[in-house]
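From the two separate chains plus the hints, produce the assembled complex.
Same order as they appear, the protein sequences are chains S and L. Okay, so the first sequence: first residue is 1 according to the numbering used here, each after it adds one. Okay, so the second sequence: first residue is 1 according to the numbering used here, each after it adds one.
Treat the hints as calculated values from the structure; they're not laboratory data.
Computed list of lysine-lysine pairs in DSSO-like fashion (alpha-carbon distance at most 27 Å, straight line):
1. 259/S with 304/L
2. 72/L with 105/S
3. 26/S with 100/L
4. 72/L with 23/S
5. 152/L with 27/S
6. 20/L with 105/S
7. 155/L with 286/S
8. 348/S with 195/L
9. 27/L with 326/S
10. 286/S with 46/L
11. 304/L with 286/S
12. 249/L with 290/L
13. 23/S with 290/L
14. 78/S with 190/L
15. 25/L with 228/S
16. 3/L with 112/S
17. 289/S with 304/L
18. 112/S with 10/L
19. 105/S with 10/L
20. 3/L with 99/S
21. 54/S with 198/L
22. 249/L with 332/L
23. 54/S with 249/L
24. 195/L with 78/S
25. 25/L with 295/S
Covered stretches of chain S, as calculated for chain L (at least 3 residues, CB under 8 Å):
26. 98-104
27. 282-289
Stretches of chain L that chain S covers, calculated by requiring three or more beta carbons in the stretch to come under 8 Å of a beta carbon on chain S:
28. 7-20
29. 202-215
Beta carbons: idealized from backbone N, C-alpha and C, even for Gly.
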Amino acid sequence: MPELRKTPMLDQLLDGPFPSFVKEIKKGAEKNEACNDLLGQLELSYEEKVTHWKHGGIVGVTGYGGGVIGRYSDVPEKFPGLTEFHTMRINQPAGWFYKTDRLRKFLDIWEKRGSGLTNFHGATGDIILLGTHTDQLQPVVDDLAHEGWDLGGSGSDLRTPSACVGPGRCEWACIDTLDIVDTLTRRYQNELHRPMWPYKFKIKISGCANDGVAAKARADFSIIGTWKDNIQINRTEVINYVNGGFDIIGQVVDKCPTKCISYNPVTKSLSIDNSNCVRCHNCINKMPKALRQGKITGATILIGAHAPILQSAFMSWVIVPFMEMKPPYDEVSELLEKIWEWWDENGKMRERVGELIYRLGMRSFLKATGLPAVPQMVLHPRANPFYFWDKEEVNQ
Amino acid sequence: MVKTDFGPPKYLDMMSDLCKRNYGKWKYHEVLDTGTLVHVSESGEKLYTVRAATPRLMHIDTVRAFCDLADKYCGGFFRFTSRHSVEFLIEDEANIEPLKAELHAMGYTPGGVGNTISNMLHTQGWIHCHTPAIDASGIVKSVMDEVFEYYKEAKLPARLRLALACCLNMCGAVHCSDVAIVGVHRVPPKVQDDKISKMCEIPNVVAACPTRAIRPEPAKKSVVVNDERCMYCGNCYTMCPAMPIFDPKNDGAAIFVGGKVSDARHPAMFSKLAVPYIPNEPPRWPTLVKTIRLLIDVYAKDAKEGERYGEWINRIGWEKFFQVTGLPFTDKHIDDYIFSVPTFRSTATFKW
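So that you can see chain L by itself, here it is in the shape it has in the complex (with noise of 0.2 Å):
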């Protein structure tokens, strides 16, 4: 009989004596450098970590060779973040630098700590999935090549973290992220009535739609799509196969912004829409990276220190965060789905 249901390994068992020691006694940590931290304990006692983006999808080669450094420089001991980067966790202080070294010439060079861009948080993309309107592992890949800096030097305001999400299920949880890039449709479902009787269930279809633009056609035992009523979000494609949602003439990405998820000084925003629509233009993006640049850019150079993404934006405003980036304001930024009235402006006191 097989064995099922004994959970994960105890996580007790993949830690170091020193983290087992001071577990639940850190006292206080510092960054030392965008690569690395220190965290110091009640007992004195110091554990360096050492932090690295990794592309997420990994060949298990490339996790041995991390097995290797572990085992090389701390005592068998490592870890991922939540972000999809490995973090070293180092006891002799003198390891810091010979690792960093190997990591580098791996073409893995550490950065991502304090004010930095840390890892960007993605989805699978082409690579292994079934919905996406756009790629994934693509777009990070040149995003990240292209503001490489702000990962490797301190030179943010405060911490920024981009995401991205294939389509609008949001497996990459952009909804809170301070720059977050998402795969969008532009054109409604197309009905395949000599398969949906076969593949589908109608009424989950029907029920699957947010905006009730499908409703039944029983004569032909398949759905109409209203195309007026239709935001391209997908849903009915998730439930049923024979309502393909692909375009790759129209299909593309939006930039949303000014999200986050730590309560510090200002609780937790959602990301807006900054720009609805981006071509989608593999293998390099280079619309969508040289809009990403210039978001990028002029926080940094406009935001005042300790101030993430949306806590910029709240200050200056709306109005002058279209101003100073530049990005034309269009219909589509104004909302008209469940929530829209109380993102009205109900007042005359704005910057011109």
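Isolated chain S, as found in the complex (with noise of 0.2 Å):
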């Protein structure tokens, strides 16, 4: 084993009270060449000012087309372990759970046949593997398979499914987002495998609106768990909130976007008109023992989400304001599938589906889905009288 890399930069990192990834670095280079010279490469990025990770370069395993992604060095004579250096990206079992055992052995098997360093996890969900050999990959697949674990996606494919901890260990998950997560993403392992699409295709399922995954920021089918009825409210743990000097009108009354909650000191009382409340959550989240959500749940399904680039940013909006999520998740399913066939018809290279439907118009999209046009779709109708009539709708 020749001595580890000298980093003067990257030793300043190893200071200060945030975890250092350049120590995690350095505990593999004492084992592994790849992450020795990972820290020379790296060292020399933060000299240079700029990557050395070459562009491109395909690799996979047999049966699938996404999930490895070729990573090469353009300096391999200088870091001759980072010649092929690929990721592998593994689907994380849902709400990022883990029981030792299974884990361990998993990160045995990283140990005998990549370079060690992991990402827990990628921003899709994903577990990351960082570093290895191409020789390397398909007995990394096939030891994880033996061991139970399967690959996630990459390309232009459905990406892997990911949803947050839900009714595993929260109050407010209004769906089942772990059962769905790993009921779609079992029942769509073709789509997550086989890239086949314009362009890639994200599903995140969160319980409530605080959207714990950022569904609505970053999926382009977004699942976000409300409910219908009322309100459920503990009058005893409201006078208890109260008595405790918690600022109620300034947290609770003032804060209700549509007004729709009064205070009544005299009797410490809450009440909320439901029909006027657009379960924000902000009430609910600030007293926790006081307030629960109604007991009708379901989902509302937002589309078009995505951070970069051609039509810039786009948050997710809805498609469906409300949907009964009961196992097997059927009418889900069949949403999704009209929405693929559409967009992979018409879809250009590289255009998410947001991008379609920007393109074509929220009209072409609900004719191909079938979906009903309803005003909680818009903040606000059309301010222009430029639309279109389709020649059935006018007389002939």
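Structure, rendered in structure tokens:
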């Protein structure tokens, strides 16, 4: 084993109270040559202020079209351990729950067959394995399969769906986020593992309006838990909050966006005009012991979010104000499949579904999916008279 | 034959009996301190959570050390959050403090719960990506070291979400964060005529440009970039390795503020431009770190209890935001991309 690379710049990131990623790479460098070379290449990037990873290079494993991403150093002569240093995406268990005996076997495989460096987790939700050789990709997949771990998505496919912690540890889960994500992931293995669409497609599922997985910011198809009936009030707990010094007027009544909450200081009671409530969740967030969501729960479905570039960032917008979410979630699947068919047919290369709707209009999307136009889809109606009529809508 | 398409491990196999017993039956939760939560079930059973930020990039020995802690204190069960924090799920209250002490000793101080800065969401940067304008992990480390007190102590008016994306592909989903750093370029890509015809599909490269700055150059079997129209997004480089856009002298970071994803009180918001450019200064990025610190300090001092970053700015107004932060407002702050006009002010009601 050659001695550790000298990294005077990176060493300045060893100190300080936040855990150091440099320390993590050094742990690896003590027993793995590729990690040692990674330190060296990273130090070079710090000196030159530019990346040293080459663009492109497709790699794959038997039976899959995605899930592994080629990564090659552009200075392999200096850092031979990084000549091939590929990424692998491994589908995480829903909600990122782990049992140590299962996870230890996973880690042992990565120690034997890769750099030992990981991300828990990547932005899409997968466990990321950073750095292995081309000839190790298939063995990693085989060994992991033996222990019950499968690849995630990459390229123009369904990306690994993810969900918030949901009913596993949260009282605000209006829907069973974990069961939904698990069911959809298993149902759409072909879409996940074999890229065949215009571009990527992301599904994220949050149990409530707090949107713990940022579904409406990051997912083409965002499922967000909500309810239809009245917020449940526990009068005793309201009094306990007030007696404990909680600023119920400042934090709850005044912050209600529709001013549908009133508080009577004499009786120390809270009342809610539920017909004007938009279920923003602030009052429940602030008084979790006193206020609970309604009992008729389901999901709002939104479409179209993506972060970058072409048409600038979009947040998802409402396409189904309320959908019941009961296993086996056939209604969601039916809608998803209609959307995929329309997008696949009409989308240009690298056009996300939200961009396609922007190009062709919501009217085309609604026609293709059979969804009715409802006021919940918009903040306000258009402020111009420039709309289209179909031939069958006008007198011939 | 290789087994394929069997899907992830079943989440229920990764959950403790307590979690399974109370699945969907949680009644309420409380924040005990900035590192600890308790969830109480309908049955009265309690589950304690201890949270600590990780650097996301971890060696397997660190994950094994988490496994050791989970075995010792949590019956072998733990989880991660969507923001790369580790969470230990504890049944016995007596285990909370010893676990926290061990975590702290291994350099993973608990924090990030409640009105704090939780862990910073980020991307790969120079460690593993071919398109970054800036590093990711090094900036995150530098920023989090600087603002660590806001992670450890509840000194903020509301929670604050930091994020970093090392280029405009924005894998870090910075567009809806309270305070976000984005890697940017400032000069057009360099077209490598000799390589393009071999490496790239020219129609796809032309189509990749959102401002139509790229046109084919059939004589050279290449393309030409109209520099005047290029806003340096790097989308062409994503499609075509023969159009590198890196420039160590000009690449750097922009800062966006005021976004959120929760609909509580005010609907989810996009982050907006606060600082168009800060030079790339490894290994500790002092100018960037100082500016983030300023942005957080001013908010901590000025915002009212319960107000997220963007809600605070909405209340005081953007003209006031630039006043209280002392940051310069420039022509770069005025949108000239696709949806710009609705962002112009059509009223004479503003603050001096």
